[in-house]
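Listed below, chain by chain, are the residues.
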Amino acid sequence: GQNIDQPTEMTATEGAIVQINCTYQTSGFNGLFWYQQHAGEAPTFLSYNVLDGLEEKGRFSSFLSRSKGYSYLLLKELQMKDSASYLCVSSGNTGKLIFGQGTTLQVKP
Amino acid sequence: EAGVTQFPSHSVIEKGQTVTLRCDPISGHDNLYWYRRVMGKEIKFLLHFVKESKQDESGMPNNRFLAERTGGTYSTLKVQPAELEDSGVYFCASSHSYEQYFGPGTRLTVT
Chain D
570 GQNIDQPTEM TATEGAIVQI NCTYQTSGFN GLFWYQQHAG EAPTFLSYNV
620 LDGLEEKGRF SSFLSRSKGY SYLLLKELQM KDSASYLCVS SGNTGKLIFG
670 QGTTLQVKP
Chain L
497 EAGVTQFPSH SVIEKGQTVT LRCDPISGHD NLYWYRRVMG KEIKFLLHFV
547 KESKQDESGM PNNRFLAERT GGTYSTLKVQ PAELEDSGVY FCASSHSYEQ
597 YFGPGTRLTV T
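From first to last, the protein sequence lines stand for chains D and L.
Here the first sequence is numbered in this note's numbering, starting from 570 and rising by one per residue.
Here the second sequence is numbered in this note's numbering, starting from 497 and rising by one per residue.
Worth flagging that the hints you see were computed from the coordinates, not collected in a lab.
Positions of the beta carbon are idealized from the N, C-alpha and C atoms, including for glycine.
One should not assume that every hint holds.
Claimed, not checked - No farther apart than 30 Å at their CA atoms in a straight line, the calculated lysine-lysine pairs in the DSS-like style are these:
no. : chain 1 : residue 1 : chain 2 : residue 2
1   : L       : Lys537    : L       : Lys574
2   : L       : Lys511    : L       : Lys574
3   : D       : Lys626    : L       : Lys574
4   : L       : Lys550    : L       : Lys537
5   : L       : Lys574    : D       : Lys637
6   : L       : Lys547    : L       : Lys574
7   : L       : Lys540    : L       : Lys550
8   : L       : Lys511    : D       : Lys650
9   : D       : Lys626    : D       : Lys677
10  : L       : Lys550    : D       : Lys677
11  : L       : Lys511    : L       : Lys537
12  : L       : Lys537    : D       : Lys650
13  : L       : Lys511    : D       : Lys645
14  : L       : Lys550    : L       : Lys574
15  : D       : Lys645    : D       : Lys677
16  : D       : Lys650    : D       : Lys677
17  : D       : Lys626    : D       : Lys650
18  : L       : Lys540    : D       : Lys637
19  : L       : Lys574    : L       : Lys540
20  : D       : Lys626    : D       : Lys637
21  : D       : Lys626    : D       : Lys645
Unchecked claim - Taking beta-carbon pairs under 8 Å as the criterion, some of the chain D residues facing chain L (in silico):
no. : residue
22  : Ser596
23  : Gly597
24  : Phe598
25  : Ala608
26  : Phe614
27  : Leu620
28  : Asp621
29  : Gly622
30  : Gly638
31  : Tyr639
32  : Lys665
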């Protein structure tokens, strides 16, 4: 079957670090994406992991463990504009994306 | 470079009517995807075009939904006749390789 689990909501303070965890069970796995979505807007690409390990891109990093079916998104030096929904997304071998429900992150001053 | 565009942004129709959604992908992107998010649920895959051919339509809910991509450029998604459960946000995405670029979505409300 196909299943992606991530927390529904998280709250963090401006300037802090937050880690959003995701576990997945998908057939034909071909990589793990993280997308950011602000309310009423299109999802925008943040990161892509196809091999195990950590990918760092500025304030955002993403980690993947294929053997554990586990990924996390790490956001550093949080800013108010980081308040958004973060989508853990698995890619199948045809390019089809399988989405989690998303984690709504609220950054407080 | 223009992003993925979708039209209309909102549509309100009555049960039994027909609605056609349009997606214009980023120029040069052979891959075009349709997704849908219904209230309170995750975004779900509907189908995937490679140029004008349907690569995967396993996510299409039923035969009331018809997607086309004539000429391999823009795509349309027709819902006929619309039912209440078809309400949601319909997203289109296009890609050249692994990264999919999403449009802003069409919010469909069936009353």
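Going down the list of hints, with the structure as the test:
With a C-alpha separation of about 22 Å, the suggested pairing of lysine 537 of chain L with lysine 574 of chain L holds against the 30 Å cut-off. Taking the CA atoms of lysine 511 of chain L and lysine 574 of chain L, the gap is about 14 Å. The hint holds against a cut of 30 Å. Using a Cα cut-off of 30 Å, the hinted pair lysine 626 of chain D and lysine 574 of chain L is violated, with the two alpha carbons roughly 39 Å apart. At most 30 Å may separate the alpha-carbon atoms for a hinted pair to count; lysine 550 of chain L and lysine 537 of chain L meet this at roughly 25 Å.
Between lysine 574 of chain L and lysine 637 of chain D the CA atoms are separated by roughly 40 Å; this puts the pair beyond 30 Å, and the hint is violated. Taken as a hint, the lysine 547 of chain L and lysine 574 of chain L pair is honoured in the structure, with Cα atoms around 18 Å apart against an allowance of 30 Å. Annotation: proposed proximity of lysine 540 of chain L to lysine 550 of chain L holds, straight-line Cα distance about 17 Å (limit 30 Å). Under the criterion of a C-alpha separation no larger than 30 Å, the hint pairing lysine 511 of chain L with lysine 650 of chain D is inconsistent with the structure, at around 39 Å.
This hinted pair checks out: lysine 626 of chain D and lysine 677 of chain D have alpha carbons roughly 23 Å apart, not beyond 30 Å. Restraint check for lysine 550 of chain L and lysine 677 of chain D: the C-alpha separation of about 45 Å exceeds 30 Å, so the hint is violated. Between lysine 511 of chain L and lysine 537 of chain L, the direct Cα distance comes to roughly 21 Å. Compliance with the 30 Å bound is thereby established for this hinted pair. The suggested pairing of lysine 537 of chain L with lysine 650 of chain D holds, with an alpha-carbon distance near 24 Å, which does not exceed 30 Å.
For the hint pairing lysine 511 of chain L with lysine 645 of chain D, the CA-to-CA distance comes to about 47 Å; that exceeds 30 Å, so the pair is violated. Restraint check for lysine 550 of chain L and lysine 574 of chain L: the C-alpha separation of about 15 Å stays at or below 30 Å, so the hint holds. Restraint check for lysine 645 of chain D and lysine 677 of chain D: the C-alpha separation of about 14 Å stays at or below 30 Å, so the hint holds. At most 30 Å may separate the alpha-carbon atoms for a hinted pair to count; lysine 650 of chain D and lysine 677 of chain D meet this at roughly 10 Å.
Of the pairs offered as hints, the one joining lysine 626 of chain D and lysine 650 of chain D holds, with about 17 Å between alpha carbons and a cut-off of 30 Å not exceeded. Among the hinted pairs, lysine 540 of chain L with lysine 637 of chain D is consistent with the structure: their alpha-carbon atoms are about 24 Å apart, no more than 30 Å. Of the pairs offered as hints, the one joining lysine 574 of chain L and lysine 540 of chain L holds, with about 17 Å between alpha carbons and a cut-off of 30 Å not exceeded. Distance check on the hinted pair: lysine 626 of chain D and lysine 637 of chain D sit about 23 Å apart at the alpha-carbon level, within 30 Å; holds.
A distance of roughly 11 Å separates the Cα atoms of lysine 626 of chain D and lysine 645 of chain D; the hinted pair therefore holds under the 30 Å criterion. For serine 596 of chain D, the suggested interface contact is broken, since its CB lies about 12 Å from the closest CB of chain L, more than 8 Å. The beta carbon of glycine 597 of chain D comes no nearer than 11 Å to any beta carbon in chain L, farther than 8 Å, and the hint placing it at the interface is violated. A hinted interface residue such as phenylalanine 598 of chain D counts as satisfied when its beta carbon comes closer than 8 Å to some beta carbon of chain L; here the least separation is about 13 Å, so the hint is violated.
Hint status for alanine 608 of chain D relative to chain L: violated, with the closest Cβ pair at about 11 Å, above 8 Å. The criterion of a C-beta within 8 Å of any C-beta in chain L is met by phenylalanine 614 of chain D, whose closest approach is roughly 5 Å, and the hint holds. Nearest Cβ of chain L to the Cβ of leucine 620 of chain D: about 13 Å, over the 8 Å cut. The hint is violated. At about 17 Å, the closest approach between the beta carbon of aspartate 621 of chain D and any beta carbon in chain L exceeds 8 Å, and the interface hint on this residue is violated.
Checking glycine 622 of chain D against chain L: minimum C-beta separation of about 17 Å lies over 8 Å; hint violated. Taking 8 Å as the C-beta contact cut-off toward chain L, the hint placing glycine 638 of chain D at the interface is violated, the least distance being around 17 Å. Of the supplied interface hints, the one on tyrosine 639 of chain D is violated, with its beta-carbon coming no nearer than about 18 Å to a beta-carbon of chain L, more than 8 Å. Given hint, lysine 665 of chain D at the interface with chain L, holds; its Cβ is 5 Å from that chain's nearest Cβ, closer than 8 Å.
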